[in-house]
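Note that the sequence shown covers residues 1 to 671 in UniProt numbering.
A hint or two may mislead.
[To be verified] Simulated pairs of lysine to aspartate or glutamate, EDC-like, Cα-Cα distance not exceeding 20 Å: (1) Lys636 x Asp547; (2) Lys636 x Glu554; (3) Lys427 x Asp377; (4) Lys427 x Asp416; (5) Lys509 x Glu299; (6) Lys291 x Glu575; (7) Lys503 x Asp547; (8) Lys291 x Asp573; (9) Lys427 x Glu452; (10) Lys370 x Glu445; (11) Lys427 x Glu399; (12) Lys484 x Asp474; (13) Lys373 x Glu141; (14) Lys509 x Glu575; (15) Lys370 x Glu575; (16) Lys636 x Glu340; (17) Lys503 x Glu481.
These are computed hints drawn from the structure, not numbers from a lab.
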Amino acid sequence: MTTLVQPRVALAIATLRSMRWPIGRLGPYSCVLGFLLIGSASLALSRAVLIGWQWDRVDVTDSLLSMLVQGLRSDLITLGLFAAPLVVLLPLMLALNRLNWWARVASVWLSFSLIVILLLEFATPQFLYEYDSRPNRLFIEYLVYPREVSAMLWTGYRGTLALVAVGLAAAGWLTVRHFNKYRDRSERWTVRTVLLVWPIVVIVLFVMIRSSFQHRPANLASFAFCDDAMVNSLVANSAYSVLSAVWGLKNEAQSEIYGEMPAQEIISRVRNGMATGVENFTSDQFPTLHKQIASVRRERPLNLVIVLEESLGAGFVERLGGVPITPHLSGLADQGIWFEQLYATGTRSVRGIEAVVAGFPPTPALSVVKLDKSQRDFSTLASVLRRAGYRNEFVYGGESHFDNMRGFFLGNGFHDVVDRNDIVAPKFVGSWGASDEDLFDKAHERLQALHESRQPYFLLVFSSSNHTPFEFPDGRIELHEQPKQTVHNAVKYADHALGGFLKQARASKYWEDTLIMVVADHDTRVYGDELVPVNKFHIPGVILGADVQPRRIESTVSQIDLAPTLLSLMGIDSEHPFPGRDLTRTLAEFGNQPPLPAPRAMMQFDQNFAWLQDNRVTVLVPEGDVRYFTYDRRTKSLTSTTTQDPEMARNALANVLMPAWLYRDQLYRVR
């Protein structure tokens with residue numbers, strides 16, 4: 001009996017092995033279809049998991065079915081883009097009689113493509129947690145700095161990295177195994193059959209990739225359906241989001257995604273908003289170039305120190321309604337010019353540098369700190385002060401090449417850059433460099449030396465301890481919570497280091513002739529269920545030192561207003577293109593009388609531009625759409641409204657088109 005069964009089993013196994021997969025009947029196109037099916041299923045599963053994780057915010061939109069359908073649409077676009085090069089290459093391989101080569105290349109390329117797509121999906125949860133969005137342009141920017149990013153990931157996210165590595169290895173093994181099967185089990189088609197089917201496959205892929213029969217192909221804006229930017233980001237897969245960001249880099253500084261406006265109208269609206277007399281504008285060629293006469297008259301202008309605090313939003317400052325973990329910073333509210341409603345222009349450090357140091361408004365492009373045309377002869381506080389005889393230095397605890405800071409600063413008015421390499425024997429070094437205490441010790445050392453030299457100076461000090469993975473020395477503070485490496489503990493340490501520096505400064509000779517401004521570059525983890533989470537742009541700011549008298553500014557203020565205001569308080573008359581306002585001449589809190597221009601702030605949140613004026617918010621989104629909201633400062637909530645304000649929308653458009661124009665034509669300079 002056994003002798004009869006064994007041959008039958010062997011025959012059955014041989015028969016199974018000889019059977020073609022149903023997909024295999026598609027010949028060389030079987031691997032492409034297999035790629036589309038596996039990819040679609042994987043991306044749909046990933047999207048479902050993310051939606052389940054963020055269900056509280058997704059459920060409010062009542063659009064689950066739409067998200068899944070539109071998500072499939074974005075998945076087919078992405079997968080079609082990766083498959084297209086192979087299909088286009090197929091006739092050439094047939095002409096060379098190298099179909100076997102093509103099959104091997106197809107197996108390798110599609111396996112690699114699917115692994116890359118899955119890698120981005122694996123990276124999505126942590127990125128979503130940090131930035132309230134799928135991987136986007138910020139993800140690309142960080143890839144330029146593998147040393148810093150790898151150190152940060154290894155220090156703060158080893159567990160996550162381990163899970164991603166295991167998941168990716170498993171996915172990679174399964175992917176390669178499946179595509180090898182498609183290759184080995186596909187039917188052999190004749191050359192004639194392959195070529196007859198080829199145009200049909202090309203048309204199908206073209207329709208998939210374009211995904212629209214309208215004038216424009218589908219893009220990220222096609223998948224935006226609600227006012228919650230994070231929920232919108234869940235629709236498109238992460239590979240599509242990153243590819244869109246890469247494609248968008250070719251249009252740097254092109255604010256025309258919001259619409260167009262005649263040049264003269266742009267100039268008129270921006271100049272009116274600057275609140276300076278028409279007689280002060282000094283050039284027809286340079287639209288914003290003007291003379292600024294300081295409102296404070298001094299025999300000898302003051303020196304300047306700007307302390308730019310990393311990721312320190314209003315939510316961490318008790319005096320601004322936040323968590324009580326910054327007693328030193330909160331205590332400054334009664335000691336200097338304290339800003340109650342100061343708003344950052346963006347969500348990155350370079351955006352804060354761009355606004356505070358260069359007085360430059362935000363655009364949907366990269367910050368000018370990183371763009372080519374702004375690396376020389378681009379106006380900054382340093383370049384203005386350099387013409388007035390000041391020595392300008394940048395002090396940073398990390399590697400100053402990060403985000404191109406060194407190149408931008410040295411090319412635009414700074415004399416020297418002091419960074420991690422110049423800090424001897426630091427007390428503590430983390431992933432992002434020396435601790436804030438080491439940074440401030442070095443800054444204090446430089447200030448004493450500069451003061452003794454009798455030359456006027458400007459020192460920009462940029463902290464870094466309050467940055468994921470939130471590393472700081474032990475024993476300095478009583479922890480706010482457990483475990484140690486949390487954002488609240490890092491902020492509390494940053495405040496501790498800042499308090500120590502200001503104590504040293506007050507006891508030093510340079511205090512009496514130096515203006516010191518402490519301001520955040522942006523908030524940490526900018527997120528929210530609004531199109532632009534205005535509350536997450538609210539930051540602290542205070543001006544101290546010299547003869548500054550305590551004053552509380554309750555009006556809305558933008559980061560771009562700080563540079564001209566500081567120049568006025570220092571007692572420096574200047575000529576510059578800064579479009580921000582000298583607050584000492586435009587705010588009632590400084591004793592100015594109506595009529596005054598309405599205080600305003602501007603914010604760039606990925607591709608959305610917000611204009612805040614009083615309690616009204618106008619948001620410009622790509623493709624020329626405009627949304628209107630009201631903002632409740634007490635509850636920090638944004639509410640959509642049907643009341644339109646075309647005039648405010650035109651002002652917002654003018655002020656986002658102007659900086660793109662100034663950058664593109666290199667007009668942000670003094671002649």
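Structure-based check of each hint:
| no. | hint | verdict |
| --- | --- | --- |
| 1 | Lys636 x Asp547 | 34 Å, violated |
| 2 | Lys636 x Glu554 | 15 Å, holds |
| 3 | Lys427 x Asp377 | 38 Å, violated |
| 4 | Lys427 x Asp416 | 23 Å, violated |
| 5 | Lys509 x Glu299 | 18 Å, holds |
| 6 | Lys291 x Glu575 | 4 Å, holds |
| 7 | Lys503 x Asp547 | 17 Å, holds |
| 8 | Lys291 x Asp573 | 8 Å, holds |
| 9 | Lys427 x Glu452 | 26 Å, violated |
| 10 | Lys370 x Glu445 | 29 Å, violated |
| 11 | Lys427 x Glu399 | 17 Å, holds |
| 12 | Lys484 x Asp474 | 9 Å, holds |
| 13 | Lys373 x Glu141 | 18 Å, holds |
| 14 | Lys509 x Glu575 | 30 Å, violated |
| 15 | Lys370 x Glu575 | 25 Å, violated |
| 16 | Lys636 x Glu340 | 13 Å, holds |
| 17 | Lys503 x Glu481 | 26 Å, violated |
Comparing the model with each numbered hint stated earlier shows that hints 1, 3, 4, 9, 10, 14, 15, 17 do not hold.
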